[in-house]
Each structure stands twice: as structure tokens, then as C-alpha cells.
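Enquirer: Read off the chains here:
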Amino acid sequence: CTGDFEEINTNKTKLTELDELGTENAFAAAQYRSIQASWQTFQSLFADLQSQYFANVAQNFSSDRNVMVGNWLNGAWSGFYGTAVPALIGVLENTGPGGKYANPGKFAIANIWKVYMYLPRTDYWGPIPYSQVGNGGPEVPYDSQEAIYKDFLTTLKTSADALQAFKGTKIFGTVDQIYAGDVDKWILFANTLRLRIAMRMSKVEPALAKTEAESAVAAGVFTTNAHDAFLAVNANSFNPMNQATAWNEFRMSAAMESVLKGYSDPRMSRYFAPVPGTSNFKGLRNGYTQGELGAPENNASATSNVADRFLPAVQNATPFAIMYASEAYFLRAEGALKGWAMGGTAKDFYEKGIETAFKQWGIADAAAISGYTNGTTTPIALNDMAKTPALSDIPVKFSADPAKQLEQIITQKWLANYPNGHEAWAEYRRTGYPKLYARINSDNPDSPKDAVVRRTPFVLGEQQTNAKAVTDAIVKLGGPDKSSTRLWWDKP
Amino acid sequence: QDRQVTGKVNDENGAGLPGANVLIKGTTRGTNTDAEGNFTLNMNGAATLIISSVGYTSKEVEVSANMTNVTVGMDADVRNLGEVVVTALGITKDQKTLSYATQMINTDNFAKARELNVANSLSGRVAGLDIVRSSSGVGGSSRVVLRGDRSITTNNQALIVVDGVPIDNTNFTPANANGGREGSDALSSINPDDIESINVLRGASATALYGSRAANGALLITTKKGAVRKGIGVSINSTFQAERAMVLQNFQNVYGQGVDGDKIQPNSEFSWGPKMEGQQVTAWGPDPANKGKTYAYSPNPDSYKDFYSTGTSIANSASLTAGNEKVQTYFSYTNTAAKGIVSNNKLGRHNFNLRLTSQITSKLSFDGKVTYLNEKVDNRQQTGEAFANLQRHILRLPRSISLEQAKDFEYIDPATGKLLQNYWNPGSNGGQNPYWIKNRVIALNTRDRIYGFTQLNYKLTNWFTLMGRAGYDKYIDKFEGKWYTNTYTIADFGDYQTQWRDNSELNLDLFGLISKQFGGDFRVEGTIGGNILKRDFINHETLNNQLNRDNLFVTTNARNSVTNRTVTQTRKQGIFASADFIWRDALTISASARNDWSSTLPKENQSYFFPSVGAAAVLTSLFNLPQGISFAKIRGSYALTGNDAEPYLLAQTYSYIAGGNTGYIVRDATKPFPGLKPELTTAQEVGLEAKFLNNRIGFDLTLYNSNSKNQLFRVNLSPASGWSNEYINAGNVRNRGIELTLNLVPVRTENFSWNFDLNYSRNENEVLKLSDRLATLTIASDFMNFVRAEEGKPLGQIYSRGFQRDAQGRVLVGTNGLPLVTSGTDVPLGTSRPTWTGGITNRLSYKGVNFSFLVSGRIGGVVTSFTNAVIYADGVTEETLEGRAGMVVPGVQADGSVNTVQTTAEKYWKFVGGRNTPIGEAFTYSASNIRMREMTLGYTIPQSVIGKSPFQNISLSLVGRNLFFIMNKAKGFDPELVAGSANTTVGLESFSLPPTRSIGVNLNLSF
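Chain order of the listed sequences is A and B.
Quick note on numbering: the first sequence equals residues 1 to 492 in the numbering used here.
Quick note on numbering: the second sequence equals residues 10001 to 11007 in the numbering used here.
For the record, the hints were derived by calculation from the structure and aren't laboratory data.
Treat the hints loosely; a few may be bogus.
Calculated pairs, BS3-like style, for lysine-lysine (alpha carbon to alpha carbon, straight line, at most 30 Å) [to be verified]:
no., chain 1, residue 1, chain 2, residue 2
1, A, Lys347, A, Lys210
2, B, Lys10603, A, Lys12
3, B, Lys10677, A, Lys468
4, A, Lys468, B, Lys10793
5, B, Lys10474, A, Lys12
6, B, Lys10008, A, Lys12
7, B, Lys10907, A, Lys449
8, B, Lys10847, B, Lys10948
9, B, Lys10907, A, Lys14
10, B, Lys10793, B, Lys10907
11, B, Lys10907, A, Lys387
12, A, Lys14, B, Lys10603
13, B, Lys10263, A, Lys449
14, A, Lys100, B, Lys10603
15, B, Lys10534, A, Lys482
16, B, Lys10093, B, Lys10534
17, A, Lys12, B, Lys10793
18, A, Lys404, A, Lys359
19, B, Lys10677, A, Lys12
20, B, Lys10769, A, Lys468
21, B, Lys10691, B, Lys10008
22, A, Lys100, A, Lys150
23, B, Lys10474, A, Lys14
24, A, Lys170, A, Lys150
25, A, Lys468, B, Lys10709
26, B, Lys10534, A, Lys387
27, B, Lys10677, A, Lys14
28, B, Lys10769, A, Lys14
Using the sequences and the accompanying hints, generate a full structural model.
Expert: Structure follows, in C-alpha cells:
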């Protein structure tokens, strides 16, 4: 009597099918997991330190000395591909043309999110699995970064166009943790993201970059903080950054201290907390040795932590930053510098970017904003263990010298994008700005202390499970699988 | 008036038994039998003779006044010689007819030299049995494997069968080198006082009747039952044991807390500071009460040793037996109270056992048993890399910090009133005050287990008996974890965890036992029957993640509560038949067949068939062999067994998870496997048993081979494929080896006897084939190692980072004076499994005094120590003394010149060791060790002294366990104390507890 075996072998505490409602829940999971699943190993331990928003204070951590810690990168990879991607695959399969619950609106939004979630990944590794994702293995080919970027542009344009038919409506509703289904905002998001991507490839494909950037701006990008994208959190899905700050592994960087103090930037207290028991803010340099980190002055309790809003106590309340309107202005400022039709001048966009960034943090006083925008002070030298000099000599006031203008724009974008480390690191690689400090030490011979880490190596797990594809990917990368090899868009 | 009485003492085969002791009861008069078993005695009137011989149960024979000749047939003592043995399904068989190897274990010492887990009493006693224990302290589990590892990624542990009924031995939380907390196992649920005998069925042929549960061999435990006797028999057994940590690490006592050789840093976790010369230094830690205080910067040579207290274990057991011809009962109660060397690691256990046997009518008999266990274990130790593993923190204690200071592990913050941790590096990622972890990370476990069976036998005819049996095993495990707020990085805001597991297994057996004689020479023993197995498991757990109010441990105080409930059900059905065709008790041909249907397999593969065949020939009965050979038998067998799969692997599942506004659905990461097949193991073995010189020399030699194919294993997929892993059926793992047991009785006189038992086994494991897709499979990884299965090599290949070397094998050194190391963890360090294991037991007895000792060895294989990687980098051990002022790493520069670049021990060890990227090659050792496993010295008060008292037996024993290493190649640790009982943790040492030496006393009274 084996008649009931099939029923017995059905898992009672799992779902066995993705129904229409389930497809929406899967989209929600894809949104959250692409941010949360590997936040620490993906962003915090690499990009946040490479972008010098933060410096590491955990004595036994080495990635701030440019070590490409294999287990962490492995975790970063599998967190994304193992949890976020399968959820999104289910959404795309079911809502796409011919899918069980075909729905062009949902399909378009899921595609826009797909581009957002893949962008920082290709900016870490270069070639990554993209078009063949979800093929069931055992081999999953990698796409070249060029192919991926070009597909990003097409996907964003197609999706934004598809959403035109749904303007004024809501798709996904409250399932969507970013815009609560607001189609109009998703269209702006798609265009702004397309502008970001176009700018990233402006050195390697200048003509295409110009066309795409102009097309994106013409279609409408973020203009006010009402457009800002934040991922909502709650008690069951909290802000991964707030969760990680409990571990006391990073503190304000010396770069942030030099610039924020030099400009008397009112965002200092929005971003960071004073040293406990004092009113002073103190950062530290990136790349100290274990011994140097052991010095009392470099201790977590002697340096500036993040501001209260990023602490674990409010991990269920502080929404996670996805993309800000200020970034759109800084992108347009840079586009204008290049002579692209961005609908205004570089100076206007630069100042509008600062104003938008300030307002985002609740600094709306016009005098304060214009005082800052016209500021002539410069970053300061620090009285720290390394006797750190000033980061740069540029003031906030927009320079007449075109050579300085780009540095100003990117420096302000760096300040404004806080704490979005992977975008800041990508733009630092592309532009060389802001002029970040050399590391105090590097334990990675491929990327010495005064070199910029240009990418992260392919991960160990892939070398074991997908070896041939990795070998092919190194060919597509066009250089050795090292942290010193430049990505496709990263030209000197 | 004396008369001469002549007699003969025969053994169980009717052959004369030499050397037997013949005594006239109530006198001191007696004699020994000669080489033919004959004796002569002078006696007066009627008398009772007491006849005894080692290996046989003593017998009393009435000799009436007119008798002048007497013949006595002796029965072999089952426990000593194993002539009648319990086999699969609880069927007893004549040992002579078996076509496969079994080993009866002498369990006499189990209740005396007691272990909290019976598994550990088996160590060193059984050929082919490999036992390693988890480093969990009191209440930990052990890994019991027979004849090597067959399955690459699934269970390799032997089946545990009690009185014919399998009991569940699932370890739900096998810890690995990355850390965890081990659970209980089945053998720890068995009370040593109740054990009558243990028979080990090593190979698949022996266990073939268990079908798909049989592949890993079995331990058949027979428990005591009541006997027909006069009055009530009472036995009391009391044991007290004390254990102390054996400190194997050599700590340095020269340099204190700090870095760079000259900097004293009060918040450093390292001991790379200056020499400790009693300097006054600033007190460490955030406790405001210590602000401004100083203390002497001096060595604390005994801080590690003194951290551990004396563990104790007290076991008291009482058993009652009574019985008449109709009904026999056995009842026992045992109370065990133990405390580990970490003083709040405690165990309290109650075992109740009631056995009832009854001959209801001449045809119908009943046997039934119920065993109840209640166990409470506090603070089973975390293992491995876990930040909550106490060992990690006590080992890392900077050498200038005294235990007295560290005991100041918490304080109330005057500003907030909060209870906070006092530690030298506040908020550290990876460091904690060991006393905080001991006292503020609390784990409470309880287990209630009830198992037993009822069995009815009905003798239909004189050759056919029908038997029905229902066996049930159920346990409920409860866990409570209380993590106090301010447990750095793992519970900064506290955590409260609860878990509740309900596991049950029901076995229903119905079978017919056939025993038919055909003529005088030929008989058939057979079995035909069926089995239904139902297993149900429910797991319910909650995690608070963070607490709203500090240190209030209730589930409603959760900031981010997660509740999880899983239900697992499997069903299996089997029908089986077996037959032994026996000719003159000398030649046996055996065959068995079983067909199973498992619910975990797809419909088309649900049914699978396992046959076995075998033969045994008693050469001494068939041929006229020389006098010196008292017994000789050859045997051989072939069997096919298997292993079904875990449930729910066939179809895609999705999990619903709290989050977002309406919940999340995620697709589970394992790719469905609709074509799943059962694993198959084919096994062959041949053996030779022989006894010489009237059984004073005996050996049993077995050669075996097994191939496990179609293995179900999980291989990682690139997660970009949409799934993180998938199951495949592939592989072929071969185990072949040799097992030898040797039993000698070098001396056997009236007053003195010496028994010598030796066991030896050597297993060659080789992964002949993995799959077409992959030649190596990573089965585990941690910060330091990868453990792999590789074609052409034994399972459990350990890989890590290693030194780069030139063509001549010299270490390459970089321009900074530090060795160059490989970038990946791809340097082979060796296999984790031993080449051979063995044990020698000597039992000496002189009148009432007996002395025994067991030496066991586990030779070959390697073990890597993550502990050493971390603590050498911390600078706490003697190994780090050399080169503090400067050293040159022996090796060559890239240009081939001898390296002359200076570095320091601090730079060297921090580079080579440490937590995140240690160079495993530098911390790999041979796992070979030989130890004095057990010693007992006992005294039984002679009958002549207690003859008139109500006591039948009073014996007192002194026992010692794990007394010392005769040889230990590992540096600073015990290579058999591994992180956990998972397949993959063998050979990986990671912050294990120190091994312990225990000494105790045992008193046994019966009346």
C-alpha cells in the first residue's frame, strides 16, 4: 500500500507553486534581497571602504588593506545570485510575454529593477552571468560587460516606454517597497538610471553615451526629492546597514572628515555621530594594520560612528537609500560639461544638486544653502596618527576652471550619494574623483597602497562550480583576473 | 567414607573441556579437568559440585551418595565467547552458522568505567569501528562509523538497534568547523547499566535484512531481562568519577598584552607586547569602577588550566529482578548527575527501564519493554569558530591578564543602569570576555525519550513461530538559548531562542520464524516477514534576534521575531525472507532477500530489491584437523543494501517568509530531482575464525570490500543557474580492508588468569568515481580549509592555503621577509581518515582482584588546527617566543638567493595565522595517537567472607578513563576531539575543549 506515498512526500510547510499573488511576493523578495542578502560582504566590506565613506576598525579584517577576501566575495556573489536572482526569475517568467500571469506593466517594473540590481554587480566583477541566468546549469556563461551595459540601456528604454500605457496607475501596489506601485515614478527612475549608466560608459562609448543620456533626460529624470527612491523597511525586513552597524566594524573615513569639516558641511551630523562623550567628529584613514587599529585613538570608541538614524535601534524604521534626485542633477552637470544637451548649464545643475541634497537631509534654509554653495573654504588636514594632509584644495564654490569643475561635481556627488558606496566607488574609478587618500597599507600586491582597486576577482565558488565559464569570462574581461584589471568602461 | 567419583566436563559441542575448575560446594576441596576434560575427586555422601571455566557459565551439579560417575555439559557464556549471537531483526543465531563477521563486545566495564555516552565506551574495543567525539563537553554526541565512510555527503553512522528495534540516531545540528552546538545522539540515551550485550554487525551482509537502512552496519544492543529465580534480586551500582582538563597547549609566559613588541595596549587582544616584568599598567575595560586603576603586568602561567574546574559524574543505579516460570520482570532506575570542566555545563539524567517477559501458554510468549529517559543538559559547549564558543576566548586570553581580573566580566553602567560586558577591547568583533560567554550565553536543553516494544511469539507448530512486534521510539527535545544584551556582534541587543523537536519512529514487524530439522543432518532456519516504518518529525523554533527590554527572556520581548516550523514525514515498507540451510552444524548456506518501498523516492523508483548470499564452513567439524586446532571456520558473503533519500527532493518548493508589506516568496535553492534513485552498496567479505590450544588462542580475520554507487549527493551549482545546488545520483566509493581480532589466554590457573584481546583494522577508502561532471567535490569549507571528495583518493581530503615553493621545494619568501603563499585554498594537506585503528585490552585476575587496561590507537591521517592558527597569531603560545626581536624566515627569494630579509615573529604569525586567511599548511599535523584509554582495578569480596551475609556480590573498582597519551602527534590538542559529528568535521580541530582525564570509583552490590 504505497498509495499515499506521494502525499506523504509533499512538504507541508512549503508552497509548491508560484501563483499570481505569489509572483508579487516574489517581486517584493527580489527587491529586498538584492539589497539585503549580502549587504555586508558585498557593499560594506569593499565598496564602502574603497569609496572612503568609511574606514574599517575591525582588527581582524583585511579588505581595507585591499585584500580581496575570498569568502566574503563568495558570500557577496551567492547572496545576490542565490537569493535575489531566483526570485526575480520567477517574476519575469510569469509576467513576461507568454507567461502564466503575463502582465506588461509588472514585467516592465521588474525589468527596471533587474537593471538596478545587476549594475553594481557588473561594476564589481565586469563580465557576469546575465543573459543566461536561470538556465539550470551546470554551466552558466558570463556576458561581457559591454553586452550587459548595452542591454541595460535597451531594457530601461523599452520598459519605460511600456509603462507609458499605465501612466497614472499603480502596479504591484503596496507590494512594491519603493514606490508603492507608482508607475510615473518608475518611469522617472528608469530614465535616471539610464542617465547614470550612459554616463558610466562615456569614456568607452562617447557617442552612444551622449545619445542615451540626452534621450533619458528628454524622457524625464528625477528633479525633486519627492522622486527619491528608498526601500521601505519594517520589523520583518529591516535596513541591512542599520543591522550591520551593531558590529562596530567601520567608522567615518578620514576623507569624509577632511571634506565635511573643511566645508563646515551641515550634513556632518546627519551622516555621522560625534566621538562618544565628546562633540568632536573624528574619522580614520583606510588601510591601517591590526596593530595600528589597536591604538586607542583608532578604536571604534574613539572615532565617529554613523548617525543615529543608521543604528540598529531603528533598523525597522530607516528606509534604505536606492537613488536620489541630487544624483540626477550632478549627472546632468557633468553631461553639460561634456557639451551634452542636458537642459541647462553645469553650474546651475551643480548648485541645484547641492540644494536638492541639502533639502533631502532637512536643510532647507536658503541662506545656509547659498552660503555653502558659495563657500571658499577647502578640505582640511587632520591631526591624526598618519598626519593626514587635506584631501584636496577645491572649495565648494563652482570654479571657473574647467579642470576643477569635474572634481567639484564628483566630489559633491560623492557627498550627496552617501551612503551608497558602490555607486561612489564606480564613479571614483571612472573619474578619479574625489581625490581619495592612498591606503596606509596594502596587503595585496596587485593593488598597492597608492593604487585604485579597479575590480574584484571572480569568486572561488564559481571557479569550483562554473570553471569553464570563468575561463571564458577572463577572456571577455580582457586582462588578468586581478583587482588591478580595469573594467570595460574604466579607461585611463 | 570417601569414594572416588570420576567425571567428564564437556563443552557446548560435547568435546572435553580441559582446565575446568571442579569444586565441592561448601568445601575447599576441588580439582581441575585434564586435557580430555576428565577429573577424579574423592567425596563423602551426597554433594554439590560447582564447575567453572573461563568463558562458560558456572554450573552446579548434584551428586547423590551412590553416584560414582558424572558427566557435565557446560554452556558457553554468551557474553564472553559469543557463540549464540543476536543478528538483524533481533534473531539469535548460532555463531557457527554465520557467513559474516560480528563482534560481541565485552560490556563488563561499561557500567564501571562509565562514560556519559555509551559510544565512547566502545572506542578501541571493536575492529573496524571509528569513533570521534564532538567537543561539546558534558552531553555531547559522538560519530560512530563502521568500515569507513561510504556516503559522500549523507549519513555514514551505524544503525543503532535496541532489542531488535531500531532507534533514531539523527543528529539535527551536527556542528562543523564554522561552529555550532551539537545535539544529543541515540547512544547517549542508553543506560550502560541495562546493557546485557552489544553485538556489532560490521558489514552489509550482516545487516541486509534491514534493507535500505543497512548500508552502514549496525550496533545491536541487547538489554537485560528478568530471569527465573528464587526471591528478588537486587543490584546496586554506584560510580563516582572526577575529571580534569589535560592541558596540551604550551603557553608562553614572557610577553604580555600589546603589539609591536614594545607597546602595551590595554585594549589589545594580542600578546605581542613587551616583557612582563610586573610593570604597573592602566587597567583595561570600560567598567568605570576601574578607571584610573593600574595593575601589575605579570605572567599568569596557569590561567588556562585554572579556568577549568574539576568535572564530576555520579551515577547510581538500582535494578530489581524477579521471576517465576510464567513471568519475569526486570526493573532499573539510574540517576546520573554530571558536571563538566566548565562548571556550568551540567547534565542530569534519569533512566527508567521496565522489562516484562512472560510464557503465557506453552505456545504463546510475550516480551515487552518500556524505557523512559529524562535528560537535562545545561550549556553544552559551542564548538568551532562560533563567537559563542567559550574555548575561543579562554585560549586567546592575553598572557598578562589574570583570571581574577577577567572574572570582572560585567558591570552596571551608572549612566544608563544597563548590564554591560567588561572586556579589554569593548565592542570587539571576535573577542569576548570568556566569563561573559560562560555566564551570559546560556543554553538549556532537555530531552524526554520513550522507547520500547511489545512482542508476541506464537508457536504454531514445533518448527514455525509467528512473531509480531511493535517498536516505538519518541523523543521531544527542548532548547532555550539566552544571549544577554551586549554579547558583542552576535547578540548586541540580546537574543532569546527556543526550539522544540518532536521525533518519532514506529516499526511494525510481523514475521515467521522457521526452524525445521530434516533427518539428523540437515536443518533449515528461516525468516519471512514484513516491516512498516513510519517516521514523523516536527521542528518548531523561534528566534527573537533582538530584545526590546534587556535580558528579559520571553518570546514576546522580540524586536525581530522569526518563527519556523517544519514537518517531515517518511514511510517505508519492506518484505523480506531469509533462509540458512545448515548441514550437521558444520556447513551453512545462507540467502536473504528484501524489497523496500520508500515514500521519498519517485514512483518509478520507489521499489528496490536487496539480495544477499553467504556460506560458512566449520572446518574442525568437516575435517580431521590437528589436535591443537580446537575450532576453525571459514565464511564468505555477498550482499546488496541501500539507502533511500531525504524526503521532498522531487519537486520545486517555495518558502513564504515574513517581510515587506505582504510577505516574501522565495524559490528554494535546491533544484528539484524528479529522477532520484536509491543509493546502492554492494559488499563482499570473507573471513576465517580459528581457536587453538583448547580455545586459549583465538583469532578472527575478515577481509571485506564494499562499493557504494548511485550515491545521492548534493553538488553546488553556480547560483547564477537559478539554483544553488542540486542532487545527483553518481559516484562509486570503495571501502576495502582487513579486520583482525585476537584473543589470548596466556595464563589460566585456578587463582590467576590473564586475558589478552587485540583488535586491529585497516580501511582503505577510495572515491573511484564522482560523476562525469566533476572530479572533485567540495563537501565543506571554513575559514582555513576545504574538505573535498576527489576521484582516486580517500574521502575527506583537506585543502588549504600553503607556502609557495621553488622547484627544489624551498619556501619562497617575498621582499618583505614573509613567505609567499598560494592565493587559493588548493594545497592538499592530506586525508582526514586514519590508516588503521586498534586496541589492546588486558584483563588480569587474581582471586578476587581484577585489573584491566585498554590501550587504543588511531594511526594515520592528518588534522588541521584552526585554534593554533588563531592563537599563534595572538602570540599566546611558546611557539611564538622565537623571533620576537627579529627572525629570518628560512627560504629563498624569487631570484633563488637565500632569504636574509628580517621580519618578526609577530608579523610572521599574524600573516601565517589569524582568523580570516590562515595558511593551513602551517597548522597541519599527523592525527596519529595512542592513548591509555581505560584502566580498572577491581576487588570482589570472596564468597567465603560474605557467605553468611545477605549479599551475593560486593565488588569495588577503581577506574580511570583517557588517562594519558602514549603518543600524540598533534600539537596542543586531542585529534579525536573534533568540531562536530558531521562527516566533514573529522580532521578539523577548531577551538575544541581540552581532553579530560577521569578517575573514579565504582561500587557494585547485589543481594
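Enquirer: Indicate, hint by hint, whether the structure satisfies it.
Expert: Hint check results:
A C-alpha spacing of about 19 Å is found between Lys347(A) and Lys210(A), which places the hinted pair at or below 30 Å, so the restraint holds. Between Lys10603(B) and Lys12(A) the CA atoms are separated by roughly 19 Å; this keeps the pair inside 30 Å, and the hint holds. For the proposed pair Lys10677(B) and Lys468(A), the alpha carbon gap of about 29 Å is at most 30 Å, so the pair holds. A hinted pair counts as satisfied when its Cα atoms are at most 30 Å apart, and Lys468(A) with Lys10793(B) qualifies at roughly 24 Å.
Taking the CA atoms of Lys10474(B) and Lys12(A), the gap is near 21 Å; set against the 30 Å cutoff, the hint holds. Under the criterion of a C-alpha separation no larger than 30 Å, the hint pairing Lys10008(B) with Lys12(A) is inconsistent with the structure, at around 70 Å. Distance check on the hinted pair: Lys10907(B) and Lys449(A) sit about 18 Å apart at the alpha-carbon level, within 30 Å; holds. A hinted pair counts as satisfied when its Cα atoms are at most 30 Å apart, and Lys10847(B) with Lys10948(B) qualifies at roughly 19 Å.
Proposed proximity of Lys10907(B) and Lys14(A) is contradicted: the alpha carbons are some 51 Å apart, above 30 Å. A distance of roughly 36 Å separates the Cα atoms of Lys10793(B) and Lys10907(B); the hinted pair therefore is violated under the 30 Å criterion. A distance of roughly 24 Å separates the Cα atoms of Lys10907(B) and Lys387(A); the hinted pair therefore holds under the 30 Å criterion. A C-alpha spacing of about 21 Å is found between Lys14(A) and Lys10603(B), which places the hinted pair at or below 30 Å, so the restraint holds.
Taking the CA atoms of Lys10263(B) and Lys449(A), the gap is about 25 Å. The hint holds against a cut of 30 Å. For a cut-off of 30 Å, the pair hint linking Lys100(A) to Lys10603(B) stands: about 28 Å separates their Cα positions. Restraint check for Lys10534(B) and Lys482(A): the C-alpha separation of about 55 Å exceeds 30 Å, so the hint is violated. For the hint pairing Lys10093(B) with Lys10534(B), the CA-to-CA distance comes to about 28 Å; that is within 30 Å, so the pair holds.
Only pairs whose Cα atoms come within 30 Å are accepted, and Lys12(A) paired with Lys10793(B) is rejected, the gap being roughly 40 Å. Taking the CA atoms of Lys404(A) and Lys359(A), the gap is about 25 Å. The hint holds against a cut of 30 Å. A distance of roughly 23 Å separates the Cα atoms of Lys10677(B) and Lys12(A); the hinted pair therefore holds under the 30 Å criterion. In summary, the hint linking Lys10769(B) to Lys468(A) is supported, as the alpha carbons are separated by about 21 Å, within the 30 Å threshold.
Restraint check for Lys10691(B) and Lys10008(B): satisfied, since their Cα atoms lie roughly 22 Å apart, inside the 30 Å limit. Taken as a hint, the Lys100(A) and Lys150(A) pair is honoured in the structure, with Cα atoms around 28 Å apart against an allowance of 30 Å. For the hint pairing Lys10474(B) with Lys14(A), the CA-to-CA distance comes to about 25 Å; that is within 30 Å, so the pair holds. At roughly 29 Å between alpha-carbon atoms, Lys170(A) and Lys150(A) fall within 30 Å of each other, so this suggested pair holds.
A hinted pair counts as satisfied when its Cα atoms are at most 30 Å apart, and Lys468(A) with Lys10709(B) qualifies at roughly 27 Å. Distance hint between Lys10534(B) and Lys387(A) is unfulfilled; the C-alpha atoms sit about 72 Å from each other, more than 30 Å. Taking the CA atoms of Lys10677(B) and Lys14(A), the gap is about 23 Å. The hint holds against a cut of 30 Å. Taking the CA atoms of Lys10769(B) and Lys14(A), the gap is about 35 Å. The hint is violated against a cut of 30 Å.
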